[in-house]
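**Student:** Take a look at the letters that make up each chain.
Protein chains: 8
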Amino acid sequence: MYRNGEVSEDEAAGALEGLRIEVLDGMARIDAGRSVRCGMPEVVLAEGKEPEAFAEIMLAQVKAAGRCVATRLSPEHLDALRARLPPDVRMEHREAARAVILSTGDEPVPPRGGTVAILTAGTSDIPVAEEARLIAEEMGCEVRTAYDVGVAGIHRLFSALKDLIPADVFIVAAGREGTLPAIVAGLVDRPVIGVPVSTGYGYMGGGEAALASMLQSCSVLAVVNIDAGFTAGAFAAQVAHGGRRE
Amino acid sequence: MYRNGEVSEDEAAGALEGLRIEVLDGMARIDAGRSVRCGMPEVVLAEGKEPEAFAEIMLAQVKAAGRCVATRLSPEHLDALRARLPPDVRMEHREAARAVILSTGDEPVPPRGGTVAILTAGTSDIPVAEEARLIAEEMGCEVRTAYDVGVAGIHRLFSALKDLIPADVFIVAAGREGTLPAIVAGLVDRPVIGVPVSTGYGYMGGGEAALASMLQSCSVLAVVNIDAGFTAGAFAAQVAHGGRRE
Amino acid sequence: MYRNGEVSEDEAAGALEGLRIEVLDGMARIDAGRSVRCGMPEVVLAEGKEPEAFAEIMLAQVKAAGRCVATRLSPEHLDALRARLPPDVRMEHREAARAVILSTGDEPVPPRGGTVAILTAGTSDIPVAEEARLIAEEMGCEVRTAYDVGVAGIHRLFSALKDLIPADVFIVAAGREGTLPAIVAGLVDRPVIGVPVSTGYGYMGGGEAALASMLQSCSVLAVVNIDAGFTAGAFAAQVAHGGRRE
Amino acid sequence: MYRNGEVSEDEAAGALEGLRIEVLDGMARIDAGRSVRCGMPEVVLAEGKEPEAFAEIMLAQVKAAGRCVATRLSPEHLDALRARLPPDVRMEHREAARAVILSTGDEPVPPRGGTVAILTAGTSDIPVAEEARLIAEEMGCEVRTAYDVGVAGIHRLFSALKDLIPADVFIVAAGREGTLPAIVAGLVDRPVIGVPVSTGYGYMGGGEAALASMLQSCSVLAVVNIDAGFTAGAFAAQVAHGGRRE
Amino acid sequence: MYRNGEVSEDEAAGALEGLRIEVLDGMARIDAGRSVRCGMPEVVLAEGKEPEAFAEIMLAQVKAAGRCVATRLSPEHLDALRARLPPDVRMEHREAARAVILSTGDEPVPPRGGTVAILTAGTSDIPVAEEARLIAEEMGCEVRTAYDVGVAGIHRLFSALKDLIPADVFIVAAGREGTLPAIVAGLVDRPVIGVPVSTGYGYMGGGEAALASMLQSCSVLAVVNIDAGFTAGAFAAQVAHGGRRE
Amino acid sequence: MYRNGEVSEDEAAGALEGLRIEVLDGMARIDAGRSVRCGMPEVVLAEGKEPEAFAEIMLAQVKAAGRCVATRLSPEHLDALRARLPPDVRMEHREAARAVILSTGDEPVPPRGGTVAILTAGTSDIPVAEEARLIAEEMGCEVRTAYDVGVAGIHRLFSALKDLIPADVFIVAAGREGTLPAIVAGLVDRPVIGVPVSTGYGYMGGGEAALASMLQSCSVLAVVNIDAGFTAGAFAAQVAHGGRRE
Amino acid sequence: MYRNGEVSEDEAAGALEGLRIEVLDGMARIDAGRSVRCGMPEVVLAEGKEPEAFAEIMLAQVKAAGRCVATRLSPEHLDALRARLPPDVRMEHREAARAVILSTGDEPVPPRGGTVAILTAGTSDIPVAEEARLIAEEMGCEVRTAYDVGVAGIHRLFSALKDLIPADVFIVAAGREGTLPAIVAGLVDRPVIGVPVSTGYGYMGGGEAALASMLQSCSVLAVVNIDAGFTAGAFAAQVAHGGRRE
Amino acid sequence: MYRNGEVSEDEAAGALEGLRIEVLDGMARIDAGRSVRCGMPEVVLAEGKEPEAFAEIMLAQVKAAGRCVATRLSPEHLDALRARLPPDVRMEHREAARAVILSTGDEPVPPRGGTVAILTAGTSDIPVAEEARLIAEEMGCEVRTAYDVGVAGIHRLFSALKDLIPADVFIVAAGREGTLPAIVAGLVDRPVIGVPVSTGYGYMGGGEAALASMLQSCSVLAVVNIDAGFTAGAFAAQVAHGGRRE
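Protein chains in written order, with my numbering: chain A, 1 to 246; chain B, 1001 to 1246; chain C, 2001 to 2246; chain D, 3001 to 3246; chain E, 4001 to 4246; chain F, 5001 to 5246; chain G, 6001 to 6246; chain H, 7001 to 7246.
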């Protein structure tokens, strides 16, 4: 660039500054359209945030967007939110999903079409599944669930699958060895998303064995991070919207 | 089970044997329908198989199913296959995908609808992307690609995305830090599948950093195993079929 | 499958649905016989379950099966269980095994034959060993134990082995470097199952060093997961039943 | 020990020396009986040994014990052995198991009773399975096998299980996600030994995912090291001998 | 050394002792100049220290050096410090940085020139960023910050960068997938230091994914340890001093 | 977003498409200025690229940019490049750095000011250091080196440091325990960049121990990936340019 | 062994039993001399033991051996011990070492000769160092210490070394990057034992980086487990006894 | 430092430069005495060095020091050395240790007293043991060895120990589970150094299981890096010299 020597260093530096500012101005205008582009609800991860700071972020979001979801709440997060809740903001607590929904209006989420099926191997996997359900519903999908169908016996899996088969996409949450997603993927012809859950113990018991098993599976599976109910729900909703976009 | 003492051990053992056989008989009839259910092509992973054994498996498969794909071939696998190829089996070598397709007839794969977009960050990610493309095409999807759009400059990404946006689903293959899938997921509202590629070096350079980065992403992404072009292609095809099933 | 073009997509989709439902119906009938087939007691892992949910699961199980075991109980689990215990359910608390047994009748577990020997290297390994013992006893085996024979001096090991040698199978629980199982396997001609215990500290001190050492052993050993007393006990009982099946 | 001060340091040192020698003399007499105690064949791991040194070890072993097995041979090991083979030593090459058996006599291994069933998920797992078979046969067991029953379709598994069910113990070798052992363990009431095989790729593809999955399994499984056909075969033979000892 | 045999062992040993003492004397004089050489403030890591011991170390340091900083304080550390604070020592508590500054005089830190820009991807990364800011300010730099510019939308990043671009060096703190530093490094021509933050969850969620991603980045980045605000701040100050040394 | 129901789905979808295209158009114009902004030379990583494809990429780059560098070349890469080299492209082979420089003109890289000092602990670290040197020189810096000053004795380090001290920034490459960067950082008051090198053996011997040691260092160090000579050189050049920008 | 068929199975089994018992009898007599042979004090690791069980083990040990040490005590362990302490047992609490010594008599440990030097890099490493000191003193060695000589400045190291140089062996405890042991090993000609301490944070901050760094060191070092003050002290005492055995 | 404002920046900078130079001058004089201080032979690690560069380093070393050792030689290293060997340099090739010794004179290494015992578990551990032996002999110690005493039967261990017991220190090399060092440490009262060897396979089979097992051992052991024969030999020689220093 400076190689031809025709531009002095000062000139080059000045030009660079100019270019950079212009670039940044251009780009700043772009991102405003992001939430429209990607169709995601506003979701705040409570875990790791100070309760007060968390509550303020939530209230700012609901003012701006009319509706806002928080996941992985501790009781302290919930208390901080309750203490600050203005009268015109509605709060819905989804205990099983460790989540809350704030909204300024009464309208439900408008349906966008598409059905998401969610299964869990055991009862310990249910909070992660419920987080996925909440997100998929917030994105306008119908959700059907069948929980504890891995541990309680494979006959429950099959009777459950009969009800779920019309779904557009399957989320399967499983801890320990994490094989239920692969079994489901071998029985249905729709996309199956595996969610490893941190419910094992001992060697790679924090969900790593389940993650590894799903990644190595001979079945066709896509996976998300350990305990990542939010990502699974949002990805599944994107898939489920598929046939309804046109 | 033996607890009530009403059944002698011998009786119980006999009953068990009977039950088990009956169960197995029932189950054996079930699996025959599997390939119909899941809509996958027959795919053989050449890597790790003796060339001769590999060639025999392939020929048996093509006889049984009319069409058969092999991935991750070494030159030795290819030679063994060529040496044994009967005159009535057609062999198509896809070098960029390190794959071959055997078939007994001339009909192309019938289109099942749906479009899959495949992007790569760099040129080293192309073989994995080509493996994904081959599988998606074998499953009846249209595939559009844009390779080397991460390293060569983000402007190539954007001009590429304009062409690809009508796609039903995106596959994004990336090595090293593996951030391209998250960037794409922030710009499109369709499902994005990240494929970590083993093209880095140093710390976690065998694709592990890319895998971890994709799993941790704040964007909505699902991932497959490192270098798992086959899984990405088949999963994407399942997603792309979505709107065309009814 | 769709390749020959002779079946329209609609026909194929309809056939698929039919096949799938039929398959599932067939399979659902199968699993009912599972607990009979495998001869396992009903065991609930308390760890990671909400105390109330845990108590409800236990009571449902004991109603259905007449007898039910829970392992890895916290005091909260125990309290929740006690608070809900109906008068017709007997509860036996095995403190050393961190376990309880619920039963609706008074009959003891009927003996199925076979003797399991259980050894531990140190005193910290005893809870895991006691969990194994409980399961083996629930499966109708006689159990003999020799605890703390690794740390307290090898002479205790040898005098213990003299008492234990008639056993059909040996379980050896050990933490830190986990070498006791290999030593026992070098002295007896019966199967030896190593159980790594999470009682070390520092580098790989959570049982990983013991697991690795047992897996690498030149002695003939099979291993179970770190702290997996349940699996060791159930596997050993299966081995011990061996000679008594006919 | 030196604490009471009644023994001078010199006296103590002298006593120690004496005690130690006496101890060692006593112990040396003990180990001679080891191979009798544990009932193992003499097995040499060729891998990692210089071909010449390997051949010499083998010939020394067969002279001393009449029969000797070597596993994991390279062609170089085989050549070195052939070049040195005396006329009175018989060599049997088991190619599928990457093994040889040397013997000085013609008698076959005397049967000790017991049947071992060996299954593999795919064709790549066969060498490990064959190593296990060889060892179990060398220990006097009958062996029945069913290979490639995981990948080629679950119906093959069930028809295979019907033939194998009378076995005393099952060895199941599987790579990638390694779930076949758990499936088998859910269907039979005999002990099942999982052998993780290094046939995957990508994240934990060297058998680690299979190992983790087997250790985390909700089914009752014991496992051996990755690719450890020898250990699986010997352990299974010990189990199979069980009912025939009395 | 002893090889020529001309020096007796005793002589050699004596000479060695002498040499060693002399060497040590020489070296002891050297280190006194260290803090002058490296231009670092005195910083004490509170984490892992007993509160009382910590307080004593701090007071000794401030007496000796006139000014002293402590990072990663718990409330207990703070209490212990407050309880022992002599009237002539001023204590400034920087809550956001989990830090305190003790000083014996009133003079502010003299400016040494240079500007450090600090960005964070999310709000959870702010404590680490504030620790970096404190250190850079203690080293005489001007600091400008832009927090939460990754999660809240890329348009905030660009408007922030316009304000920060005159800075001499950039610190970018990010958790989860840790990609913000690479994005910044692609937009500015000044050195960018990535700080991985332990704010993720699941697989490599303790900052390891962010660390790996930054190390593998195709952008030009240098990194410091996970959560290492101190190191980032001090390194950045060294860079920022650069143009002002002459 | 669709929540107020005032926009029909079709309208929303249409608007989205429009927005997206517009956004992409805007962004595409931006990136063209990237290489100007960041002041990096064009560098191609040969490792992992097919020799022919590599050569074509290089020639395309040199045509476009006038000058182009490739690192980590194998002899095959070099041969492929030589075979395709047009007469008007000059090729300079830097063997010690495993690199080549292609250029279309004769002008040397114009100096941009700033001095980079590069040290290595041992001789095995030199190729990585030479890669760093090449990049820093390509970016217009003066480079001074002192190699093998860690292993050969600390007196060589000190005499080397005396020559290097006027440098603006230090790169220190070290394998095994990787402590030389921390020692240098304790002796100079300029920024020190540690480069872990994969020259150890045994436990974490592929550079991981050196990386961990540098990240944990109490000295103020920033690090780059294992063997990442390119990144170290480019980052150091950015630092060195610092004082010369105004 | 059973191969020649000359011994019936029954005979063989009987002989085996006999041999085994005899072996065990012989071995049981051997171990009684172990503590005499190895010269170790009786040491109980409190960590991971129930306070009551711990107290009972301690009291049994002190009765049997006259003197007994416990390390890694929590306040609960201490309380349990105090509550059960009989009047004729003396208890000495070494707070800095997190240890207690129980004894039934008044005699101090008789000196066995030898001097152990113990250094720490920082103040956080002192508890581990104190544990090592306690053990070495219990084994009759003189111990000299120099703490906090790494962080507080290398001049403190050198003045400390002058006092410590007559020692027979050096223990050096260090956390984070763990380089002090290598520095000491480069300055003294006596054996140096590195003890990694779990006082870092971030990547491999639990002592793993220090362990790796010590194992990779170019200096001649032997290491013990992370935080293993006991092992370091006992090993050092064995070395220090060296010259006094004759 | 600059805090009191009494020194201008220029003055301070000048003073710093002066101080630094003076410091470095002082330090440079110190290191010349290093090899005398530490009593190590000059040892060059051939692995990872270019054969030609390696040969030149060796010849420079032998000229300077009269004697020089190289370990881990490939045939290429050996050839390069032979091709350049001047007539006045003697070369001794120790094949079992993969080492050579160059010397300019005929005198053997003068004995410094002390005996080192070296044991190996198997035959694959011998090269590492021989490397240790070579170094200990070069440092003037007598060495006694007992190889293959772990795998071939524990009776060989005990008869071997009887011969080795007068040794001052024991080196025990073992791969796979690495338990032989702990067994030896339980039988002798002299220091035992464990050397993990990379001779296993499967999970942590590259020596990591052996390393972990030795670090976790309840016996008193110090360890060195995987395959680190050099370090073990040099450390053992330092211990063995102990009683002969006075």
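Keep in mind that the hints were calculated from the coordinates and are not lab data.
Hints are not guaranteed to be accurate.
Have a look at the derived ranges for each label pair, beta carbon to beta carbon [as the list claims (entries may be wrong)]:
# : chain 1 : residue 1 : chain 2 : residue 2 : range
1 : A       : GLY48     : G       : PRO6075   : 24 to 34 Å
2 : H       : SER7074   : D       : ALA3083   : 20 to 30 Å
3 : H       : VAL7109   : G       : PRO6075   : 51 to 61 Å
4 : H       : GLY7048   : B       : ALA1083   : 37 to 47 Å
5 : C       : MET2091   : A       : GLY48     : 58 to 68 Å
6 : C       : ASP2079   : A       : ARG84     : 48 to 58 Å
7 : D       : SER3159   : B       : GLY1048   : 17 to 27 Å
Computed list of lysine to aspartate or glutamate pairs in EDC-like fashion (alpha-carbon distance at most 20 Å, straight line) [claimed, not checked]:
#  : chain 1 : residue 1 : chain 2 : residue 2
8  : F       : LYS5063   : B       : ASP1106
9  : C       : LYS2162   : C       : ASP2148
10 : D       : LYS3063   : H       : GLU7052
11 : G       : LYS6063   : G       : GLU6095
12 : H       : LYS7063   : F       : GLU5056
13 : F       : LYS5162   : F       : ASP5189
14 : A       : LYS63     : E       : GLU4050
15 : A       : LYS162    : A       : GLU107
16 : E       : LYS4063   : E       : ASP4088
17 : C       : LYS2162   : C       : GLU2142
18 : F       : LYS5063   : F       : GLU5052
19 : B       : LYS1063   : D       : ASP3148
20 : E       : LYS4063   : G       : ASP6088
21 : H       : LYS7162   : H       : ASP7189
22 : D       : LYS3063   : D       : GLU3107
23 : A       : LYS63     : A       : GLU95
24 : E       : LYS4162   : E       : GLU4142
25 : G       : LYS6063   : G       : ASP6088
26 : B       : LYS1063   : B       : GLU1095
27 : H       : LYS7063   : H       : GLU7095
28 : G       : LYS6063   : C       : GLU2142
29 : A       : LYS63     : A       : GLU42
30 : G       : LYS6162   : G       : ASP6189
31 : C       : LYS2063   : A       : GLU107
A quick note: this is a predicted structure, and the numbers were derived from the prediction, not measured.
Virtual Cβ for every residue (Gly too), placed ideally from N, Cα, C.
**Student:** Does the structure break any of the earlier hints, and which numbers would those be?
**Tutor:** Going through the list in order, the structure violates hints 5, 6, 8, 10, 11, 12, 14, 15, 20, 23, 26, 27, 28, 31 and respects the others.
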